[in-house]
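Converting from the sequence shown to our numbering requires adding 280 to each position, the first position being numbered 1.
The reader is advised that the hints may include incorrect statements.
[Claimed, not checked] No more than 30 angstroms apart at the CA atoms, straight line, and that leaves these computed lysine-lysine pairs for DSBU-like:
(1) Lys-574 with Lys-625
(2) Lys-553 with Lys-606
(3) Lys-474 with Lys-574
(4) Lys-474 with Lys-553
(5) Lys-461 with Lys-474
(6) Lys-632 with Lys-606
(7) Lys-309 with Lys-414
These are computed hints drawn from the structure, not numbers from a lab.
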Amino acid sequence: ANLTMADYDLDPPPIISVSDLPGLFPDIKPIEQNDGPNPVCAIAYSAQFIVAYNYLRAILAKDERSERALQLTALCVKLNPANYTVWHFRRQCLEELYKNNGCNRHDGEDDDSHKKMLELDLQLAASLGGDNPKNYQIWYHRRALLQMILFGSNESINNISLDRVRQELAYISFVLGNDGKNYHAWSHRQWIIKTSNRDELWNDEFDFGEQLIQTDPRNNSAWNHRWFISHRGQQQSSLSLNDARTEAQYALDGAALDPYNESPWRYLIGILKEQRKSNDSALVQLLVDDFETKTIGLRSVLENAGRDPDACSSMISARIDMLELKGDFDSLKLASILANGLGIKHDTIRKKYWLLREKELATKATAC
């Protein structure tokens, strides 16, 4: 079942209404939107939207970064959560209020007060994000606030609160529980992990990613996250041979559950290609040979189910790649034959691609 904001137990700060604006801004003359004398296509804004943004234009013209301006921005982003200008101005108001209150980032008490203000704003972003889970502006706002909460003026990762990081990861898990393929949520999660750069977080993420893969084995985002974690956010150029074998076996086990699932096959080929690129040793050759043999063994899974293994384009495509990595004449020749079979019979929608691959592989075989 889909989670709701109530499940996450959020208590966002209250947002003023349009009827509050005249009393809050008695000295402000709203500025109407100027679409020119003959607008080609006037947008049918709601009456509330028009009033709120008329006040916002006036506040922006004055560049007033005050508590009441902050309240106005909350109303405006509620009416239009995709307005980047309003989110940006809101952050400027938060920073200005922090400075005007005489806060000093080196004063622990004042710094805690500032963080509480930012935490409240994160709750606001989360409450609005519930109906807008793929809104880039809201996710960027979260990142900007977290940079201030986690770092402040100190850019050392040693001062990051792991409890606060895990709290944010829990929020992202909540979002991914509703949509496991939300790009913004995954990007935000990877930023958190890479920025924090703690061994315990990297290790925990393996379990998290595996849970999502088990829930939906075809979730490419979860497989991509496993690659990100196994490579420590690309902080290491390639895996060790032992780690590569572990990851390759994990992918093959996933493919054995459903040979038609392209995700684990692409992950496996990515691991093998990376090893071939970084290390041309005989041990890598044995690794490729081993997994090509294991791939052949998976044909029985389909045969036992009454399916034709040669018609499983995901598995055959992966085997073609492995044969190409082996690079000897017999392997390349067989790869070209398999490519022809996909193009002519089993995967005709990509006929031109497979016939091109057949030609490339045959040319490589001839050059051996």
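Unmet hints by their number, sorted upward, for this structure: Those not satisfied are hints 3, 7.
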